[in-house]
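4 protein chains.
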Amino acid sequence: MTERAQRIAENVERFVRDVVVPYERDPRLGSHGPAEELVIELREKARAAGLMTPHILDDGTHLTQRETAIVLIKSGLSPLGPVAVNTMAPDEGNMYLLGKTGTAEQKARFLAPLVSGEARSAFFMTEPAADGGAGSDPSMLQTRCERDGNHWVINGRKAFITGAAGAKVGIVMAKAEEGASLFLVDLPNPAIVIERVLDTIDSSMPGGHSIVRIDNLRVPADQMLGEPGDGFKLAQVRLSPARLSHCMRWLGSVTRAQEIASEYACRRHAFGKPLIDHEGVGFMLAENLIDLKQSELMIDWCASVLDSGELGTVESSMTKVAVSEALMRTADRCVQVMGGTGVSGDTIVEQVFREVRAFRIYDGPTEVHKWSLAKKIKRAHAGR
Amino acid sequence: MTERAQRIAENVERFVRDVVVPYERDPRLGSHGPAEELVIELREKARAAGLMTPHILDDGTHLTQRETAIVLIKSGLSPLGPVAVNTMAPDEGNMYLLGKTGTAEQKARFLAPLVSGEARSAFFMTEPAADGGAGSDPSMLQTRCERDGNHWVINGRKAFITGAAGAKVGIVMAKAEEGASLFLVDLPNPAIVIERVLDTIDSSMPGGHSIVRIDNLRVPADQMLGEPGDGFKLAQVRLSPARLSHCMRWLGSVTRAQEIASEYACRRHAFGKPLIDHEGVGFMLAENLIDLKQSELMIDWCASVLDSGELGTVESSMTKVAVSEALMRTADRCVQVMGGTGVSGDTIVEQVFREVRAFRIYDGPTEVHKWSLAKKIKRAHAGR
Amino acid sequence: MTERAQRIAENVERFVRDVVVPYERDPRLGSHGPAEELVIELREKARAAGLMTPHILDDGTHLTQRETAIVLIKSGLSPLGPVAVNTMAPDEGNMYLLGKTGTAEQKARFLAPLVSGEARSAFFMTEPAADGGAGSDPSMLQTRCERDGNHWVINGRKAFITGAAGAKVGIVMAKAEEGASLFLVDLPNPAIVIERVLDTIDSSMPGGHSIVRIDNLRVPADQMLGEPGDGFKLAQVRLSPARLSHCMRWLGSVTRAQEIASEYACRRHAFGKPLIDHEGVGFMLAENLIDLKQSELMIDWCASVLDSGELGTVESSMTKVAVSEALMRTADRCVQVMGGTGVSGDTIVEQVFREVRAFRIYDGPTEVHKWSLAKKIKRAHAGR
Amino acid sequence: MTERAQRIAENVERFVRDVVVPYERDPRLGSHGPAEELVIELREKARAAGLMTPHILDDGTHLTQRETAIVLIKSGLSPLGPVAVNTMAPDEGNMYLLGKTGTAEQKARFLAPLVSGEARSAFFMTEPAADGGAGSDPSMLQTRCERDGNHWVINGRKAFITGAAGAKVGIVMAKAEEGASLFLVDLPNPAIVIERVLDTIDSSMPGGHSIVRIDNLRVPADQMLGEPGDGFKLAQVRLSPARLSHCMRWLGSVTRAQEIASEYACRRHAFGKPLIDHEGVGFMLAENLIDLKQSELMIDWCASVLDSGELGTVESSMTKVAVSEALMRTADRCVQVMGGTGVSGDTIVEQVFREVRAFRIYDGPTEVHKWSLAKKIKRAHAGR
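Chains as they are written, first to last, in the working numbering: chain E, 1 to 384; chain W, 1 to 384; chain X, 1 to 384; chain V, 1 to 384.
Everything labelled a hint here was simulated from the structure, so no lab data went into it.
Honestly, I wouldn't trust all of these hints.
For chains that are exact copies, the list does not tell them apart, and a pair is met inside one copy or across any two.
The calculated lysine-lysine pairs, modelled on BS3-like cross-linking and capped at a C-alpha distance of 30 Å, are [what the hints assert, rightly or not]:
(1) Lys233 to Lys376
(2) Lys175 to Lys376
(3) Lys375 to Lys273
(4) Lys233 to Lys168
Same shape as in the complex, but just chain E (with noise of 0.2 Å):
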């Protein structure tokens, strides 16, 4: 590992621990993730300490993959880190696909306030399920774009769109005659519609998740990302990264779940002894010693295929599903340890418990990819 990412994780890590985790008890975090406000004075103690958007350096460049993976696992020590030096979703994977597929003007006007911290954004793609829409499966996509003199009009329903409410930055994906295609807007829009912000069993991200009705939205043609009909293609450059830094996040508050519960099982009593001497709780930590190394490891190779310059589609499947039911079995067996108080809010376990239960939903069902997984192992064997 190189020597500026171990700084930076360092950096990150302490700055978490020391600023970030007091925040987890503050009255401005609500069922839809923390109040503007919050992110906000979040924000400035991140820059203060020189820690804002930390995986993209002064010059625009990036960290490789392997060397984000270790600054994004620490900057999810918390819930709340991710928000404070920029690290979350989408938001990290919107700059990713801006910065590697953007004109330079694109970049200027709506790359910029993100990096610095100052914009959140918002990612327009999924379609509400009720509807006979798209879901997990993008060939059902119905949002629909119209060229009318230079400017595209874009009419549709988007559902679970993370951060929509707050975002001024916004990438839609609709079908034009060309096949999908991506664009960028402004936020706030009176175009866009936040119908209402759905209440979800995880609470960490700003704006929560909305339902968006899109009517008539009017957008320059230099507004569009890439060609008409390069959507999908597009979006596939955002794929496996931005899949791939869930992980590293989530594994990252499921190592300080962990920590918390070992912390706890060493300390109380029951039964006679400390909980850890029980072997049925000191199993379960040991259990996740393991799950939580696997995890490490799965992200470090799927991160090394995509440093490669490989889309890592397979690769980015096999590490979410591995990634995000190891998590799941973790954080519930930490709840478990710590009895009632796992179940409480006392702690961040808790949370962490019912955020991982929606990581194994979101960027695709782990049952999605399994299906996709077992489609190439089918190819594998026809081309023997």
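Since the structure of chain E is provided, determine the placement of chains W, X and V on it from the hints.
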């Protein structure tokens, strides 16, 4: 199964589905359970329907445990059902205990308003683990009571006291020289201070779960249940039936989650066909069918044992572990089948998942029950 | 439970424990099941004890399924028990089928020697998957029968035919123009060639499992069971009871494994105390208690359904999955508790583990049953 | 990865696939492992191919652990591979131990014939649990050695001694006054009596696993490895690498099982399409992909730790648990995917399943490792 129980169960089911379910999005539902006002409104409707406390007959006798099972399962079809028809914890167990062990006077004063659904109650037994308190280990009881003339004076702290906020009747366990003892008290009481209501992952129980301080609580001697030192013996009367009634209600709520998830899977399409036609989805729902049936059978078996007059400690431990773990798996699969909708509050599946997570800890974590089952195996072999 | 069944079950248990268990290290046990000579010797003892075919009464009537359950579970306490008392597969199912559907003449000739334990039988249905054959999918049946005067001529190949080697009675499924049909045949027969006996992970069934070639087998028309095209309908008569009786016998054998593992854990010391006092061991045995009880309850429930006259296809699928998976977990934990001894042939635990592994595939793999359960869920919702 | 290791690994893979695999149905394979004659024949071919003991170079130095991993994984692609190229347990570990700790004389006499593949060896450490012996708990060592002039006299019993039958070199642990000590002995030796070779669920190791009695075995003092009392310290040199090499070989064999099951699933049809197109099958194979990758990553990580010069006790415990449990799940799914064929000896999948079952116990059961990991967590927290 008796006809009377089937009739009551059918009526309860119809009431819950028709009257209670529409309240599931009522704004008076909060993270610490439904507001008292909502509880009163629901109970008025239950009373009007002749379904208040349906497992206790007009003459004060109870349905058998096997009969109770089919009624309480139906009451659980909504997380609000048990609140509405007064079959919920801890009242159900407290009524059972008072009915079995109270004096005529105690019953008239403390039991009658519970059975009529006018009052709620709380059982003050568990103590804070964080203070080195009892948690799941009753031998660590630290709350003390001392005789003072014709009164007892009680001091201590209690934790995870379900329904304490808003309760009118309390049953308090404290340690006398003769051993653990139980007291009936009117609530609210200035000597019983609710320090705080915990934020917990579950949210169905009115009053939530509290940390309570007892400061020089004076109780007349005739409000002791049984004799000094009878505390554990009496608590054991309540133990198995209360544990089993948890299983019943939660089976009801997860059965409903399965209905919702199945309906979702049959209606929604992805990747070219209805979700249910994807084996990855259909198999999960099939596994749920089996887990639900096994839960039902375990409850019925344990109820038979209790109806035969045995304490059923071992059987209710086995049933509690089997049912809570099976329902957790089932609720988790329901969430997963429903994807983004599953982790949102758009249906009760998300809440049921959270409730059931707590169930694996409430009334003794899975591990404590396995520990006592292992002891039983050892004793059985020692006897050979 | 009826007194008659309890009495028979007790006698069977005593016989298996006292007489059969000592044969468990008999050198005539081989990897393709016990040698015929050993089968004969065991059956002589069963006959002497009045326990031959204990679930069929002297007048030819059968115990109910619920009664049968408690008898067959006891017969399974040794892997050799069902062979000894004639409750094993496929004979048990074949006798059931013949009893329900054979003509008086067919019964006299083919059923009587089975009930008396003088003959064994085989059911020739499944076909080789390797040839593109049926496996678990009956719609792929390829063995054909053609009418030739007063005879039928059958040609095809069959796979995994349990007990074919050494059997005296065969029931053969073949496809006529009218559909699948069943034939009774005397064995051995030069037109039914055992190509080879498979080496399988299980080893309790006399004759093992064979690959069989049928070359121009001529069968008189009166040896057809039912009418041409009745094959699947008749096979279904056998289906659920035979499936359920598998569960019964295997529950017996895993119950015995649990006895052996518990006894081992109570006797043996490691790391300073009896194994059972290590939660890591005690919890496994506790989980076994629960899995065994659930298996028993599922069997009893499914038996009730069959006794009520229903086909019980869904119920027996649920039971087969639940019981085979629970017994696999249980047998696996028994092995693990016993460490090196668990993977050695020093006790029957190692054999039981292997037998149960096969059980998850025999009579329809878990996945095929889940598939049909998912279909049932779909149909149930379509009807709404 | 180094080029030298990649080259060796490729050669080993080609040799195993082309030369060794055809022996997988050789009649000289038995339930106690391949016959000596077959071992000799395979090794002649390995020697001719220049692949005998491929992880030890001509100058006696070893590949690094990371290099060894890729070679030993390939050698494991057939259960016979490690026997053929001399990378199998216990020889691999014994060679490692002798290479690290033997005197020049000891190496010439005892190590050289092992490296050349002319001799096999056994490690006499574990003792019979049934006699109250050590099992997995080394503190219970009961075999004693006493000084007698320039010799030591050893008495005791050993259990589960892999490869003892047929071995020419033995390493025996016995307790002196100074503590556990290790001795090198020539085999066979009249004072080392093989009481019996156990029938075990696995069948790949030549000589199987024996119960051994040591009766007044006299060993010259210069055949002691290290000093009196060094036994555990020396055994620890062997411990982690030997444990890790188990993981390597077994990963190879389960990788092959996955190839066979995937090929089967792609070729065979049921219920209207190729098995692989059934999600119930495809998902299992997808889960296998992940489990295999995680196993590989854990091995590589642990190997790095060992290569850095650390003992790696914790890391090899974590790896042993993770890999053995992952490979069990994977092998089990391979069996299940293949249905009846999976539980038959028609492919090596059935054998691999049995081998891996034993792996969860050999070299310390999963539970013993979790126990020591829990202790590590406790120590880590005590230090805070």
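These are the hints, each one checked on the structure:
no., hint, in the structure
1, Lys233 to Lys376, "within (19 Å within a copy, 40 Å between copies)"
2, Lys175 to Lys376, "within (27 Å within a copy, 38 Å between copies)"
3, Lys375 to Lys273, "between (51 Å within a copy, 14 Å between copies)"
4, Lys233 to Lys168, "within (24 Å within a copy, 64 Å between copies)"
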